[in-house]
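Number of protein chains: 2
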Amino acid sequence: MASRAKATILDIAREAGVSKSTVSLVLQGSGLIRPETATKVRKAIEDVGYVYNRGAANLRKAHSNVIGMVINDLTNPFFAELAVGMERVFQAAGIVPFIANTAENPVRQEEVLKSLMEQGVAGLIVSPARGTTPGAFRRIEAAGVPVVFAMRRLPESRIPAIAPDNHRGAFLATQHLIAKGHRRLAFFGGSSDLVVYHDRLGGFLEACETHGIPAADRTIVEGETSRKGGMACLETALASPLSPTAALCFNDAVAFGVMLALRKRGLEAGTDFAVVGFDDVAEAEHYIPALTSVAVDTAGLGERAAHVMLKMIQSRTTRAEDHIGAVNLAVRESCGPDRNARGAGMGDAA
Amino acid sequence: MASRAKATILDIAREAGVSKSTVSLVLQGSGLIRPETATKVRKAIEDVGYVYNRGAANLRKAHSNVIGMVINDLTNPFFAELAVGMERVFQAAGIVPFIANTAENPVRQEEVLKSLMEQGVAGLIVSPARGTTPGAFRRIEAAGVPVVFAMRRLPESRIPAIAPDNHRGAFLATQHLIAKGHRRLAFFGGSSDLVVYHDRLGGFLEACETHGIPAADRTIVEGETSRKGGMACLETALASPLSPTAALCFNDAVAFGVMLALRKRGLEAGTDFAVVGFDDVAEAEHYIPALTSVAVDTAGLGERAAHVMLKMIQSRTTRAEDHIGAVNLAVRESCGPDRNARGAGMGDAA
DNA sequence: GCCTATAAATGGAACGTTCCAATAAATCAA
DNA sequence: TTGATTTATTGGAACGTTCCATTTATAGGC
Chain B
78 MASRAKATIL
88 DIAREAGVSK
98 STVSLVLQGS
108 GLIRPETATK
118 VRKAIEDVGY
128 VYNRGAANLR
138 KAHSNVIGMV
148 INDLTNPFFA
158 ELAVGMERVF
168 QAAGIVPFIA
178 NTAENPVRQE
188 EVLKSLMEQG
198 VAGLIVSPAR
208 GTTPGAFRRI
218 EAAGVPVVFA
228 MRRLPESRIP
238 AIAPDNHRGA
248 FLATQHLIAK
258 GHRRLAFFGG
268 SSDLVVYHDR
278 LGGFLEACET
288 HGIPAADRTI
298 VEGETSRKGG
308 MACLETALAS
318 PLSPTAALCF
328 NDAVAFGVML
338 ALRKRGLEAG
348 TDFAVVGFDD
358 VAEAEHYIPA
368 LTSVAVDTAG
378 LGERAAHVML
388 KMIQSRTTRA
398 EDHIGAVNLA
408 VRESCGPDRN
418 ARGAGMGDAA
Chain L
78 MASRAKATIL
88 DIAREAGVSK
98 STVSLVLQGS
108 GLIRPETATK
118 VRKAIEDVGY
128 VYNRGAANLR
138 KAHSNVIGMV
148 INDLTNPFFA
158 ELAVGMERVF
168 QAAGIVPFIA
178 NTAENPVRQE
188 EVLKSLMEQG
198 VAGLIVSPAR
208 GTTPGAFRRI
218 EAAGVPVVFA
228 MRRLPESRIP
238 AIAPDNHRGA
248 FLATQHLIAK
258 GHRRLAFFGG
268 SSDLVVYHDR
278 LGGFLEACET
288 HGIPAADRTI
298 VEGETSRKGG
308 MACLETALAS
318 PLSPTAALCF
328 NDAVAFGVML
338 ALRKRGLEAG
348 TDFAVVGFDD
358 VAEAEHYIPA
368 LTSVAVDTAG
378 LGERAAHVML
388 KMIQSRTTRA
398 EDHIGAVNLA
408 VRESCGPDRN
418 ARGAGMGDAA
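Protein chains in written order, with our numbering: chain B, 78 to 427; chain L, 78 to 427.
Watch out, some of these pointers could steer you wrong.
Since the list gives no way to pick out one identical chain from another, each pair is judged satisfied if it fits inside one copy or across any two copies.
To be verified - Here are the simulated EDC-like cross-link-like pairs (lysine to aspartate or glutamate), alpha carbons at most 16 Å apart as the crow flies: (1) Lys305 / Glu362; (2) Lys191 / Glu123; (3) Lys97 / Glu218; (4) Lys388 / Glu398; (5) Lys120 / Asp349; (6) Lys388 / Glu283; (7) Lys83 / Glu345; (8) Lys138 / Glu187; (9) Lys117 / Glu188; (10) Lys138 / Glu188.
In short, the hints are calculated from the structure, not lab data.
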């Protein structure tokens, strides 16, 4: 089985009785070749079981067609959806993106980026891991390889970012809680080493200000962005003297954790405590109770990121505009039934 | 910003005042180089912002260190877990695997495999898409590139497969349902173009035989392996004259769908209808009611697959043993409370 | 029939590495 | 000292493509 030395373009040239240049032309679909010749060559390719060596080709072309997608947590369906959106676009462009997972680990991320660069990628779409150091992308920028950040961005970076309107999403969600009559509010999960965290927390705080919720009535608990983290947040908050009656969660995973912890205490999300998530993953709609969450059009953002990347490659630039995606609140059951009381007012004040 | 022509090994040789061969040796961590020289070279590499060109290297070495992981559905957390297990092993071996998604589409899979081959992968771990044609891997085998199948396999293929003991898992689950007193059983979801389907269905049928459930009392409904598919299955089954009281589902996604559909009809999984899933994804434990499911140690199988691959590459063979992973039933709430009654009447007759 | 224009096919020099064989420098045995 | 041995370093020929500049074949115009 162990295949005799791999066939090259020369082998198939010999087989087809033409020159290597001709074979190369056929491979590239050049119109300069007589159709019959092309057919002959293609047959030889088939017979010999030739496989194109892109590495060798790129050596001359300096124009690789591989794009790397670096994802910080593949097990979060949210990022998987993002990846799927991007793939749709790349597939249409005849490009196969390679996905690599960093498992939220900056060291691993460094390895992954290095490996991708060595592979000669044409561009990189990255959702950076927590704790990514500011200089992590300096070398890549210096090499002139286009990078776009998806969903997350870095503090002082010039790299274009595609992300939802986190501030507004959090603002809307918080306003919704206030409209439901809640006065003691919490923000659960996430950590301040993430730019997104500040965006979302900022929206939460602004809504509090706007509607006159005093700082004393706000509870902010950082935590892992997972179910486990969410459970811990709720415990912490309820243990505090002034326990909140509603929470905006950093993401849906945290929200699920909070609902789990509520249930463990014999409380019910919606009636005893209001919960809002962020991202609106597919599961949110099917959960019991169904989770109210900020919908961000994940796949759409993925597509957008891919388009921006394609454009950057094409125009050989390393710069592009940021893109802030629209958000909207998917209202479901986890904040309780609409209280007709409290009246008409409030719809979406301010 | 647009980087002057990329630096090569020669540039850094000049910069460091040594020959290209010396640089190459340093790059490979050869012990033949005087430490001070190596340091000098490394400094030059840093200064110039050199990035190694693996394509060029592989041209000479014919020994790439990239491994491709081809996954049929990244949005299913089950496969994401599998990928994560593999990554753990590869990371330890200093290899960065590239993941590609086929979205359960054989045509896309073809493209992805081609692209990976052209990239010169050292090996391929594949969870084949539904409807993969028998010959899809012929060329790859002919090229002598090791392939292992994970979770799924192809009918007549000689390619080693790493998979859970599907037959036994289904057998155990079905037995569990029967022990709970159910006599009219269903098998929901999946389709017969998948080998796994036959394995699981086979376990179901064997358990039925063993415990004397007549063929007339078995309902088999094929369907998409998703929530939606599960919902459809339940509707179909309940509409049939002889409606079942319990179901083994092809996978957890189907099971979640079935529970959703039950709830829509005002029925409750566990009390009104028993449901068992397959795969035991993380969510199963947290669902309400918690889903009884066949646990297959997904990440463990991923690790196993990675190890087998590593061994194949190392011993330059294209053959390996299949590996059947142990399974066990994680009993939770979706089949109802333990009926102490048990013996006597087979409670659920009707 | 000859010249020119067009179409089709080709040889050779890159591209950035590795690795073998060879050289140069340093050390040692006598 | 001299030759043998070990330690560091180096030039050059590959590896499998692309693409430019040519060559060769075919057709057209007169």
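| Can you list which hints this structure breaks, lowest number first? | 3, 5, 6, 7, 8, 9, 10
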